[in-house]
Amino acid sequence: MDYKKLADLLFPEVDKDFNYYINKYKKRNLPAGAEVTRIAPSPTGFLHVGTIYGALADYFTAKNSNGVFYMRLEDTDSKREVANAGEIAYDMLCYYDVCPMEGYRGNKAQIGDYGDYIQSKRMNIYKAFAKHLVSIGRAFPCFCSKSETKQDIIDRRNEQLENSDDIEEKDVCRNLTYEQIESNIKAGKPFAIRLLSLGNPDKTFEFTDLIKGKRQIRENNKDIVLLKSNGIPPYSLAHLVDDTLMGTTIVIRGEEWYPSLAAHLELFDAFGLPRLKYAHTPVICKNDENGGKRKLSKRKDPEADARYFITKGYPKTSLIEYLINLLNSDFELWRANNPDLPYTEFKFSLSKIGSNNPMFDFNKLNDISKTVISKMTAKEVYNGVLTWAKEFSPKFAKFLEENRNYCEKVFNIDRETPKPRKDIYCWSMVEEYYSYMFGLVTSTELEKQDEANYKEFILAYGKNFKLPKTKEEWFNGVKQVASTLGYATDNKAYKENPTAFKGNVAKACEFIRLALTGRKNSPDLYEIMTILGNDEINKRFKI
RNA sequence: GGCCCCUUGGUCAAUCGGUUAAGACAUCGCCCUUUCACGGCGGAGUGAGCAGUUCAACUCUGCUAGGGGUCACCA
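At position 280 of the first sequence the residue is numbered 280 (my numbering), and the sequence of numbers has no breaks.
Everything labelled a hint here was simulated from the structure, so no lab data went into it. Remember, predicted model here, so these are calculated numbers, not experimental data. Any given hint might turn out to be false.
[To be verified] The list that follows gives simulated cross-link-like pairs (lysine to any residue, SDA-like), each with its CA atoms no further than 25 Å apart:
no.	residue 1	residue 2
1	K222	N287
2	K419	S374
3	K79	S374
4	K542	G486
5	K390	D97
6	K479	K422
7	K479	K507
8	K469	K479
[As the list claims (entries may be wrong)] Cβ-Cβ distance ranges computed for the label pairs, FRET-style:
no.	residue 1	residue 2	range
9	D361	K395	29 to 35 Å
10	C94	T417	30 to 36 Å
11	N356	E402	46 to 52 Å
12	C94	A452	57 to 63 Å
13	E303	R80	18 to 24 Å
14	E402	N230	38 to 44 Å
15	K375	Q449	37 to 43 Å
Glycine included, each C-beta is placed from N, C-alpha and C at the ideal position.
From just these sequences and the hints, can you work out the full model?
So, in structure tokens, the structure goes:
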């Protein structure tokens with residue numbers, strides 16, 4: 001068959017050869033060893049945390065090699081596209097400090113010499129590439145037009161999955177003659193373009209993934225679609241075209257792409273283009289309700305949305321450091337040795353990424369976040385809480401603004417010391433956590449068997465209460481009252497014979513704490529009392 | 001179901017054929033603080049199972065089991 005003639009028949013409107021585009025974009029002028037990475041989300045909704053996770057790997061890989069990290073918008077699936085999702089993706093990446101150095105920038109102008117960075121604006125290029133492949137006999141038109149409603153696709157897949165061990169890979173249209181094709185075209189039948197695969201899955205080849213290491217991979221034999229019948233390329237072709245033209249050196253992407261790697265490589269070979277380096281990252285999972293494991297689902301898991309952590313009020317650094325820790329587990333050791341360095345100084349490495357899928361662990365995130373917040377000043381905490389509250393709890397924000405000094409004092413309890421308290425891990429917990437400082441105590445954790453002693457003690461201690469000037473005096477006062485009521489002031493004596501006392505000073509303090517905060521657990525009592533002041537203290541004692 | 005990937009304590013994990021199998025989170029206990037914490041110290045808890053190779057296996061090989069991914073004209 002005359003493939004050139006076929007190519008012209010199929011793409012009469014395409015005038016530029018793919019070589020035109022290959023030559024149009026200059027090779028990047030970068031120092032030796034520089035890597036070019038990219039993040040390429042599709043605008044189908046919110047930005048997945050996994051995208052931040054991947055972007056972090058992209059960012060570090062580019063930065064550590066003095067390379068480039070750019071962003072491209074993969075908006076070739078109009079059916080799933082959600083308005084503004086591209087903008088959200090870009091904003092979210094920037095929010096988490098993995099702002100791409102080049103490429104797509106939301107509604108703002110794109111930056112860089114390798115654009116367009118929006119796939120829907122690159123249709124001419126994709127077509128030129130597809131045409132080229134037809135012209136050398138490595139791609140063919142497929143007229144098996146298929147319904148594309150979601151249900152049809154699902155039905156078709158289920159049918160295929162049930163009926164055979166392996167799905168038929170060779171497309172029937174690959175054997176069409178020129179005359180048959182021509183008459184189809186004349187009849188106005190829509191067609192897709194497919195790769196004419198030459199692979200044999202019984203044969204394998206060696207491939208080195210930057211994360212997984214050396215692997216044997218089976219050759220591809222799928223005649224994958226290169227151009228849908230609407231003329232738009234699916235990922236496979238767009239990936240090759242864009243990553244080649246934009247000068248990507250390492251494709252860092254989720255492991256869900258690994259099964260289609262062989263097809264992508266065959267496509268590069270078919271074009272005679274050099275293969276790129278790949279790094280397939282693990283997928284973040286979580287525990288299923290039934291005890292199983294599954295990947296974080298956009299639909300089921302609110303924490304799959306990168307914005308979830310903003311709504312909860314996690315400082316962005318907390319999530320970033322948690323994700324880095326998931327990527328390179330030696331990060332925490334580095335962090336322990338370098339508590340004050342920015343995380344960007346960390347020596348990140350693709351090869352240190354583990355190869356099994358980690359569970360998202362809120363315990364760990366919270367711990368990291370507690371440390372992050374414990375290093376902040378009271379002012380920074382105040383600002384963090386306020387910024388969060390303005391968006392998510394306007395009433396609380398109003399209170400914060402009207403009582404700025406007071407709130408900063410509250411946030412400064414056990415803070416700005418060599419060993420700061422670690423209790424807050426996100427801003428949304430602050431209002432509840434310090435509720436007793438922001439209003440009256442409405443409930444208490446007092447235990448039933450303590451009720452009598454509690455009343456007795458508070459009545460005695462709270463009578464005409466006046467807060468002493470120093471913590472020492474204050475504590476002596478507590479001891480004094482406790483002692484006269486039959487509490488142990490000597491811990492040793494108490495431990496030797498606990499039944500001889502109503503309790504020890506700790507118990508007395510618990511009662512004061514309960515009366516003032518309703519909690520058994522709160523920051524330093526004396527500081528709380530200092531901030532509350534005598535009037536408020538007496539009011540609460542009376543209640 | 002086919003194909004691919006993975007499997008060290010509840011979670012994240014180090015080790016790259018010879019270790020008392022690190023460390024972190026969570027959990028429990030003790031110490032410090034005569035309060036809550038922070039901090040310090042310690043306990044419990046791990047190589048999925050079975051074979052094989054080897055003087056020696058968590059580490060290599062095979063099988064089994066479990067988990068995950070994928071099998072779209074979605075990315």
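Taking the hints in turn, this is what the structure says about them:
1. K222 x N287: Answer violated: K222 to N287 is near 34 Å, above 25 Å.
2. K419 x S374: 9 Å, holds
3. K79 x S374: Outside the cut-off at roughly 46 Å; violated.
4. K542 x G486: 22 Å, holds
5. K390 x D97: Measuring from Cα to Cα gives roughly 22 Å; hence the hint holds.
6. K479 x K422: 28 Å, violated
7. K479 x K507: Given pair K479, K507 holds - Cα atoms ~11 Å apart, limit 25 Å.
8. K469 x K479: Measuring from Cα to Cα gives roughly 16 Å; hence the hint holds.
9. D361 x K395: 29 to 35 Å: Holds - the Cβ-Cβ distance for D361 and K395, about 33 Å, lies within 29 to 35 Å.
10. C94 x T417: 30 to 36 Å: The hinted range 30 to 36 Å holds for C94 and T417, with Cβ atoms some 34 Å apart.
11. N356 x E402: 46 to 52 Å: The hint (46 to 52 Å, Cβ to Cβ) holds, given that N356 and E402 are roughly 51 Å apart.
12. C94 x A452: 57 to 63 Å: For A452 against C94, whose Cβ atoms are near 59 Å apart, the range 57 to 63 Å holds.
13. E303 x R80: 18 to 24 Å: 22 Å, holds
14. E402 x N230: 38 to 44 Å: 57 Å, violated
15. K375 x Q449: 37 to 43 Å: 41 Å, holds
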